[in-house]
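Chains as they are written, first to last, in this note's numbering: chain A, -3 to 228; chain B, 238 to 360.
These are calculated hints, taken from the structure and not from any lab test. Just to be clear, a hint being listed does not mean it is correct.
To be verified - Within a straight-line C-alpha distance of at most 30 angstroms, the following computed DSBU-like cross-link-like pairs (lysine-lysine) qualify: (1) A:172 x A:86; (2) A:46 x A:23; (3) B:285 x A:86; (4) B:356 x A:86; (5) B:356 x A:172; (6) A:25 x A:46; (7) B:354 x A:172; (8) B:285 x B:239; (9) A:86 x B:354.
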Amino acid sequence: MIREIFMNVPMMLVLTIGSYLLGLWIKNKSGISLLHPFLICIPVIVSILKVLDIPCSFYMESNRLIEFLLGPCVVSLGLLLYDHIATIRKNMVSILVSVTAGSITGIGSVYILCRMFSLDDIFIKSLEPKSVTTPIAMDLSAMLGGNTSLTAVSVVLCGFIGAVFGPAILRIFRIKTPVARGLAMGCAAHGLGTSRAIENSAVEGAVSGLAIALMGLMTAILVPLFNMVFPL
Amino acid sequence: MKTIKGIFIILLFLALGNICSWCIGNFIPGSVCGMVLLFIALLCRIIKEDDIRTTADFLTRNMTIFFIPASIGIMEQWGLISANIAGWLCVVFLSTVCVLAVTGLAEECFIRMSGRKRKEAEK
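Turn these sequences into a full structure, and let the hints guide you.
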């Protein structure tokens, strides 16, 4: 009976948005910037689906509407690039070279490490774009034939690792200038890295935001090229 | 009015991006092409930034919500991940550290080099 009431499209949309709002509310109440809404949403939704015995495929099918907005979301990043045009003009060459180096490192390291840990090919396909912002990473993963769910979760994990250990790692490698720090955080840990970088300084945050869009663009160009050279 | 105009422009660029992506044999996802096209249009002042600001900010600020549905799909993949959990965690961790170090060091080198050049020029 309860299952019938819940198993419809509007209810599934309410579940997604409601759990997101709950996540935001908990984050704001606790004041912990690392308590990302994602960490609250996923367990809440999974447990509700399990309790009501609603198939995961039904939930995903009902949320097509929300998932569609990933595309517009990527397009909106064009405005982010435009906002930082002054920074791009000032450090054009160095930023482009550094982001390209970071992008190649991201793709190559996943390929090599997955082989080293003898992981399945699906991991390589799904993880190669993991350093870029989630919507772009999911598009790239789908293009490669990876698993978009695995990509989305890996990207968020990657963001957490960057946001938590990033500052310590930057200190170990003696990376001190705000531009370099911001760029590294944005390239390695996308949105989560940026929110951490903003806490340090405004410059770091701005460069980091810019790095998200550039890293996405670079990786989108380099992933297909990499796959031509190193086919699976 | 402004919001709907923003939605229109962003969807239009997504559609244009898809066409662009198709023209280059789907080499780059349509959404990324759309992002570049929007950036160029803003630079050339074809699109006014005020027209899309509200909508674009809404989309980028609440990005998390849009990939929650796909992430729930992890329930079905859980077997695959739990069988390889150590490897998966190691790959993501080590790869993230590599990207952080390489990007940061590259940019740091550039800045130090240009700083040195500037000092020499001053002398």
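Structure-based check of all given hints:
1. As the CA atoms of residue 172 (chain A) and residue 86 (chain A) are separated by approximately 19 angstroms, the hinted pair is consistent with the 30 angstroms bound.
2. Restraint check for residue 46 (chain A) and residue 23 (chain A): satisfied, since their Cα atoms lie roughly 25 angstroms apart, inside the 30 angstroms limit.
3. Restraint check for residue 285 (chain B) and residue 86 (chain A): satisfied, since their Cα atoms lie roughly 23 angstroms apart, inside the 30 angstroms limit.
4. For the proposed pair residue 356 (chain B) and residue 86 (chain A), the alpha carbon gap of about 18 angstroms is at most 30 angstroms, so the pair holds.
5. Of the supplied pair hints, the one linking residue 356 (chain B) and residue 172 (chain A) holds, its CA atoms being roughly 19 angstroms apart against a limit of 30 angstroms.
6. A threshold of 30 angstroms between alpha carbons decides the hint, and for residue 25 (chain A) with residue 46 (chain A) the separation of about 28 angstroms falls inside it, so the pair holds.
7. Restraint check for residue 354 (chain B) and residue 172 (chain A): the C-alpha separation of about 19 angstroms stays at or below 30 angstroms, so the hint holds.
8. Distance restraint check for residue 285 (chain B) and residue 239 (chain B): the Cα-Cα separation of roughly 12 angstroms lies within the 30 angstroms cut-off, and the hinted pair is therefore satisfied.
9. The straight-line distance between the Cα atoms of residue 86 (chain A) and residue 354 (chain B) is roughly 16 angstroms, inside the 30 angstroms bound, and the hint therefore holds.
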